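Colleague: Read off the chains here:
Protein chains: 4
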Amino acid sequence: MSKVSEPIRVGVLGARGKVGRAMCDAVEAAADLELVARIDKDDALDTLVATQAQVVIDFTHPDVVMDNLRFVVEHGIHAVVGTTGFDEDRLETLRGLLADAPQVGVLVAPNFAIGAVLSMRFAAAAARFYESVEVIELHHPHKADAPSGTAYRTAGLIAQARREAGVGESPDATTAELDGARGASVDGVRVHSVRLAGLIAHQEVLLGTEGETLTIRHDSMDRMSFAPGVLLGVREIAARPGLTVGLDPLLDL
Amino acid sequence: MSKVSEPIRVGVLGARGKVGRAMCDAVEAAADLELVARIDKDDALDTLVATQAQVVIDFTHPDVVMDNLRFVVEHGIHAVVGTTGFDEDRLETLRGLLADAPQVGVLVAPNFAIGAVLSMRFAAAAARFYESVEVIELHHPHKADAPSGTAYRTAGLIAQARREAGVGESPDATTAELDGARGASVDGVRVHSVRLAGLIAHQEVLLGTEGETLTIRHDSMDRMSFAPGVLLGVREIAARPGLTVGLDPLLDL
Amino acid sequence: MSKVSEPIRVGVLGARGKVGRAMCDAVEAAADLELVARIDKDDALDTLVATQAQVVIDFTHPDVVMDNLRFVVEHGIHAVVGTTGFDEDRLETLRGLLADAPQVGVLVAPNFAIGAVLSMRFAAAAARFYESVEVIELHHPHKADAPSGTAYRTAGLIAQARREAGVGESPDATTAELDGARGASVDGVRVHSVRLAGLIAHQEVLLGTEGETLTIRHDSMDRMSFAPGVLLGVREIAARPGLTVGLDPLLDL
Amino acid sequence: MSKVSEPIRVGVLGARGKVGRAMCDAVEAAADLELVARIDKDDALDTLVATQAQVVIDFTHPDVVMDNLRFVVEHGIHAVVGTTGFDEDRLETLRGLLADAPQVGVLVAPNFAIGAVLSMRFAAAAARFYESVEVIELHHPHKADAPSGTAYRTAGLIAQARREAGVGESPDATTAELDGARGASVDGVRVHSVRLAGLIAHQEVLLGTEGETLTIRHDSMDRMSFAPGVLLGVREIAARPGLTVGLDPLLDL
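Residue numbers (the working numbering), protein chains in the order written: chain U, 1 to 253; chain A, 254 to 506; chain P, 507 to 759; chain B, 760 to 1012.
Here chain U stands alone, though its shape is the one from the complex:
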C-alpha cells in the first residue's frame, strides 16, 4: 500500500446503531482513516460539511437513506452504503442524482463480507468445470429464513454460469427420498440449510467430478466480518465516480 499523506475524512451515518458503532470503531482503528462525524437520527447532516467529511458510511434505514444520499451527493461527498431496501427503482433514482455530480462515487452493497463475495465469485467461476455442485449453508437457530439470502444468490450465480457453459444439471440417481433429504432446489442447484446452536453464519459450496472435489467454505464468526469490506469501499470509492453495485468490482479479480 502506497504512503498516504493525509487520512481520509470519514463520517458515519447511523452512528449509534449496533452496526454504526462497530463501523466507528473500525474507522478509528484504521491508521489511514479519520472519523470526523458521528451522525444519528437527531443530528444535522450539515455536520458532514462542517467537518469536511470526504466519505460517509451509511448503515441507517430504508426510510431515510435516500435523503441522506441526496444530501451527500449534492455536497460532493462519496458514500458507502450497507442500508437495505435498494430495488431497481431506488438504484435508478441514485443514478439520476449522480448524473448531476459526475465526480462523486456511491457504492451500494448487499453484503460487505469480502469472504462471502469471494466465495460466490469463485463458486461461479468453478461451476462449469464440475459435473456436480451443491450448497450447504449453516446458521444459528434463530434465523427465520431457509435458505439464507447469500445461499440463494450463490446458487443463482452457479446456475447461471452452468447454463452459459452448456453444463446440465448435477447427476442424481435418487429414487427413494425421505421428504426433504435432498434439500431445496434453487434454480436447479440443491441447497441444504443447517440450523445449529453455537454456529454464526457459514456456507460451503461443494463441487465434484470424477475423482476430485473442490470445496469453498466461508465462516463468518461475528458481526464485524463486514468491516474490512466497508473500509475497502471507503478507500476505493473516490476513484470510482458514479454508482457501483456490490463489492465485486472493487475486488479486481
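These are calculated hints, taken from the structure and not from any lab test. Some hints could be false.
Stated by the list, open to error - Calculated lysine-lysine pairs in the DSS-like style (CA-CA distance at most 25 Å, straight line):
#1 B:Lys777 / A:Lys271
#2 U:Lys18 / U:Lys143
#3 B:Lys777 / B:Lys902
#4 A:Lys396 / A:Lys271
#5 U:Lys18 / U:Lys41
#6 P:Lys524 / U:Lys18
None of these values were measured; they are calculated from a predicted model.
Model the placement of chains A, P and B on the given structure of chain U, informed by the hints.
Modeller: Just chains A, P and B now, with coordinates in the frame of chain U:
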C-alpha cells in the same frame, strides 16, 4: 497384542465375489491369520472341515447364508457374517442353532466399517450434552436412497439418547422455508443428503450448544474400509460364544 | 431431567471478573439454579452462609482459591472450581480438607468446555483402531504457545491409549522434509498448530486406516463455551462427595 | 457445448503405462473424442500419421518426450503433455520447433487436476484481502516429500500475490513453540503436512481476517482426477497455436 503361536485358520465363503476376493486378500495380508479355504457357490462346504478352518467369513447371499451357518455351527466353526437380510426371525433361528453348540460364536453385523460404528457411538454419547444436532451424509450420485441407511441409524440412536436424557428437540426458528431446505426429519433429527460426483461415502454429525460445536466426520474412501472390522471380528469371535449382533460389543468402548 | 422442586442456591466467587460475570449470567439464565451471592475480593465469604448457598463456582486466582475452598468445605458448601494452579500438592491438601467433611463435593477441572473433554475422550477411545493419527489445532494469532495445552493433553491421551493397545507409531515415509513441515512430535503423535486471524479456538483429531478416516473436530466460538460444563458441575456435584478432578467422570460416557 | 459434427481423433503415447491406460479409457468414454492410436515404446510413431490423429496425449518419459514432440509437431499434430522434466531449456527448444509450425498447439502442464489449478488460482486471488493465510496439505503416508509440490507452488503464488499488494506477513504471536509445531515456512507462508493412512491427496488453504475465514479445499480421490483436465486440453489445444504452459490459460477465469 500378545504373541500368537499359531495363526487363526480362516475360510472365506463367497470367495469369488467382489467383496469375498477383497476379504481373501485382507486375510492373506494379515500375519496372524491363514487363509485355508476359498469357497464359492459350486464348492462343497466339507472343504472347511477338511482344511480345519476355525473361523469363516461369510459375504454371500440371503438365500444361502442360513444353510452356510447351519453347517459351520454344527461343525464347531465360528462365523463372521456380513451378508444382508438378517431380520429378527433369522436372528432367532440362529440363536436356536447356537444353543446346541455353546462353544461356537457367530457375529452378524450390518456395517463393518469401524469408523462408521465409532461415529454412531460417539454421536449418541455426545447427543445429550448439546442443544442442537443435525446429520449431513454425502455420497456419490449413483445412490438410490436418501438418506443413507447409516444416516437413518445414526439419527435414530441420537434421538433415542436425547429422549432418554430428557433433552428436547433442537431449536429452530425457521418460519420461511423453501421446500426441503431444512432436510428430512428422522425421529426428530434433521438429516441432509448430498449427492456429488467424486465423493464415495461420508457422514458428518454436527452438535452445537452456546459458543461451541462438536463435529464427528467419517470418510469412507473405498470398499476396503470394512476389512479392518471383519478381521477384528475374526480375531475376537472365538472368545465370544453365542450370537453377537453388530460390531459395537467388540470395540470395548 | 426430573422435576426440581427447589432451585439449587449458587454463589459465584470472582463475580466481577470477566469469567465470573459470565458465570453469573449463566446461572441467572438457568431455571433450575438461583444466584444468591456474588462475591469478589473485597467481599466477606460469610455472605455465602447468610444466603444459604449450596454450591459455589470459583473462577478466582491461585493465591486465594485455597482459602476459599477451606471456608466453603468447612461450611458444608460444594464447589465447582475453574481457577488454575492445581498441582498434586494442592489436590492432596484438598483431599485432606474433604476427609473431614465427607458429605461435601469439590470438582476441580482444567477445562470445562464439554466439547473439548468429549473430543479428547473420543480420540483416545478411537486411537487404537487406526494405523495413523495426527492432531491439528487452530487458534487466533495472539496465542503465545504452540501447540495449545489442549493439544498436548489430547496427544498424550492418544499416545497412552495406543501404547496400552500395543499399536505402534503412525506410518510415515517422509525422507525429504522442509524443516517443520511434519509438525511437532508430542509423545510420538504429530501435532500441527495453525495461527490465523478470524479464528478463535479449534481442534481436529484425524484418524486413518486403509480406506477410511475419522475426524473429531471441536470449535469453540467464544468464552462462554465453558458455561454448560460449569452448570453441569453445579447440578451434579452434590451427588459426588469428595474430590473429583476433571469433567470426565460427570459425563458418564 | 456446441454440436460437434466429427469427433476429434486422438492418439495416446505411453498407452500401456498406468496413466496411459487410464487416458485411453477416458478418451473412449468421451462422445466427442475418438481413440485412433495407442502407442507405446515399441510402436512406430508413423501410426499417428496413418490413423490421421489430430491430437496426441503424451504421458511417457523425459527421455523420449522430446523426440515424440518433434515428430508430432513436424506432422502438424497437436499435443497435450503430462510427462515431467520440462525445464526452461526444454520449453525453449519446444518454442523453436513450434516456430516452424505456426498452426500447431502444444500444452505442457505439471498438474492436470482442474481442482488443484483452480485452488491455487483462487488462493492467490484472495490472498491480498486477508491478514493471515496458511496451507495444510494432507496425503497418504507413503509420500516421501513434505510439503508436497503443489503446496510449494500454492504457497509461492500466495506469497507473490501478497508482496505485489504490499500485504505483510501473517501475524503470529508465538513465543513458545515446540519444534515444528508451526509448520514449515515457504516464502513466508506457513505450510503443514499431514500424513495419514486412508488419505489420498488433499489440500486446504485457510485465509482469515477479523471475524471471518475463507477455506479453499481440494480433495483428489484417485489417479483419474487429472483426466478431465487432459480432455479439456485435447478439446481446446487446436484453437491455441504455439506453446501453452499450465492448464490455467484454458480455464479462462
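Colleague: Could you run down the list of hints and mark each one as holding or not?
Modeller: Structure-based check of each hint:
| no. | hint | verdict |
| --- | --- | --- |
| 1 | B:Lys777 / A:Lys271 | 22 Å, holds |
| 2 | U:Lys18 / U:Lys143 | 18 Å, holds |
| 3 | B:Lys777 / B:Lys902 | 18 Å, holds |
| 4 | A:Lys396 / A:Lys271 | 18 Å, holds |
| 5 | U:Lys18 / U:Lys41 | 14 Å, holds |
| 6 | P:Lys524 / U:Lys18 | 22 Å, holds |
Checked against the numbered hints listed earlier, the structure breaks none of them; every hint is satisfied.
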